[in-house]
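Student: Listed below are the residues making up each chain.
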Amino acid sequence: MENIAVIVILVSLGYFFGRMAENKHYQSIREREQAFLSLPTTSTKKPMGNIDHISHVQLVHGNVVISVDYFKRFLATLRNIFGGPIQAYETLLDRARREAVLRLKESCPDANQIINLRLETSSISKGDSERIGSVEVLAYGTAIYHQDSNAQAPIL
Amino acid sequence: MFVTNIEDVPGKTITVCHGIVSGSTVRAKHMGRDIMASLKNIFGGELKGYTELLGESREQAIERMKAQALQMGANAIVNVRFSTSSVAAGAAEIYVYGTAVNVE
Numbered sequence: 038m039e040n041i042a043v044i045v046i047l048v049s050l051g052y053f054f055g056r057m058a059e060n061k062h063y064q065s066i067r068e069r070e071q072a073f074l075s076l077p078t079t080s081t082k083k084p085m086g087n088i089d090h091i092s093h094v095q096l097v098h099g100n101v102v103i104s105v106d107y108f109k110r111f112l113a114t115l116r117n118i119f120g121g122p123i124q125a126y127e128t129l130l131d132r133a134r135r136e137a138v139l140r141l142k143e144s145c146p147d148a149n150q151i152i153n154l155r156l157e158t159s160s161i162s163k164g165d166s167e168r169i170g171s172v173e174v175l176a177y178g179t180a181i182y183h184q185d186s187n188a189q190a191p192i193l
Numbered sequence: 006m007f008v009t010n011i012e013d014v015p016g017k018t019i020t021v022c023h024g025i026v027s028g029s030t031v032r033a034k035h036m037g038r039d040i041m042a043s044l045k046n047i048f049g050g051e052l053k054g055y056t057e058l059l060g061e062s063r064e065q066a067i068e069r070m071k072a073q074a075l076q077m078g079a080n081a082i083v084n085v086r087f088s089t090s091s092v093a094a095g096a097a098e099i100y101v102y103g104t105a106v107n108v109e
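Chain order of the listed sequences is R and Y.
For the first sequence, counting from 1, position 21 maps to 58 in the working numbering; every step adds exactly one.
For the second sequence, counting from 1, position 59 maps to 64 in the working numbering; every step adds exactly one.
If you are wondering where the hints come from, they were derived from the structure by calculation, not from laboratory data.
Nothing here was measured: the structure is a model prediction, and the numbers come from that model.
Careful: at least some of the hints might be erroneous.
Below 30 Å or equal to it, Euclidean Cα-Cα: the simulated DSBU-like pairs (lysine-lysine) are [as the list claims (entries may be wrong)]: (1) Y:K71 / Y:K53; (2) Y:K17 / R:K83; (3) Y:K71 / R:K61; (4) R:K82 / Y:K17; (5) Y:K17 / Y:K71; (6) Y:K71 / R:K83.
Computed footprint of chain R on chain Y, listed as stretches where at least three residues anywhere in the stretch have a Cβ under 8 Å from a Cβ of chain R [stated by the list, open to error]: (7) 6 to 12; (8) 54 to 68.
Backbone N, C-alpha and C fix where the C-beta goes; we use that ideal spot for every residue, glycine too.
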């Protein structure tokens with residue numbers, strides 16, 4: 038009986054705080070994505086526009102480690118019985134990816150474009166008897182600065 | 006030093022290719038961070054300690070790769086790739102590799 042009570046408390050804590058945190062995070066993601074709309078980011082290997090204007094290039098990256106809450110883990114355990122999509126995990130990974138890309142952009146606000154953006158996801162808690170369900174998302178790409186921009190001097 | 010993850014440095018030509026350079030670091034998290042992480046496990050959200058830890062190790066791996074390239078006399082590294090793997094419980098290896106070249 039006590040065990041069930043503990044689980045119910047953990048699940049409801051996870052539900053309320055996890056939900057609150059997720060809504061807050063989504064709101065901040067949307068706001069910051071709006072602010073960075075002017076910075077084109079592509080996964081192509083060739084820069085857009087005239088390459089003669091490029092003053093320098095730089096490798097940039099952004100990462101985030103995000104943990105799933107108790108409620109979502111509980112849902113996922115149920116899903117494991119019946120199968121089907123686990124929406125709770127989908128939003129978790131979506132948040133993590135968008136956050137990683139935003140951090141990458143925030144690390145080079147003066148860049149004119151970012152090309153060859155790559156995303157890598159890894160579970161960093163493997164072998165930890167699945168105690169911590171957390172994932173790391175890394176976004177990396179090449180930032181391109183044009184000559185006319187007021188970027189800092191090339192790093193050579 | 007130019008570091009890119011595309012096959013060339015835009016606006017420059019590759020003159021000499023020196024071969025593969027790489028940097029790696031294995032880091033373990035400390036107890037305090039682990040306790041915070043288990044709390045976060047209930048409420049969900051970002052594990053800031055881990056984010057910083059992995060960010061720092063990645064910087065270190067890049068520095069090691071750059072040092073190796075400098076030793077070879079290269080002035081750019083192209084086609085850089087990252088890889089992360091958990092080698093043991095509570096420890097992660099960050100590996101970064103690329104091709105050292107000379108550009109003009």
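Student: If a hint holds in the structure, say so; if it doesn't, say that too.
Tutor: Okay, the hints, checked on the actual structure:
1. With a C-alpha separation of about 27 Å, the suggested pairing of Y:K71 with Y:K53 holds against the 30 Å cut-off.
2. Proposed proximity of Y:K17 and R:K83 is supported: the alpha carbons are some 13 Å apart, at most 30 Å.
3. Of the supplied pair hints, the one linking Y:K71 and R:K61 is violated, its CA atoms being roughly 39 Å apart against a limit of 30 Å.
4. For a cut-off of 30 Å, the pair hint linking R:K82 to Y:K17 stands: about 15 Å separates their Cα positions.
5. This hinted pair checks out: Y:K17 and Y:K71 have alpha carbons roughly 19 Å apart, not beyond 30 Å.
6. Between Y:K71 and R:K83 the alpha-carbon distance is near 24 Å, which keeps this suggested pair within the 30 Å criterion.
7. Judged by the Cβ-Cβ criterion of 8 Å, the segment 6 to 12 of chain Y is covered by chain R as claimed, because 7 of its residues qualify and three suffice.
8. Against chain R, the segment 54 to 68 of chain Y contributes 6 residues with a C-beta closer than 8 Å to a partner C-beta. That satisfies the three-residue criterion, and the hint holds.
In this structure, the one hint that does not hold is number 3.
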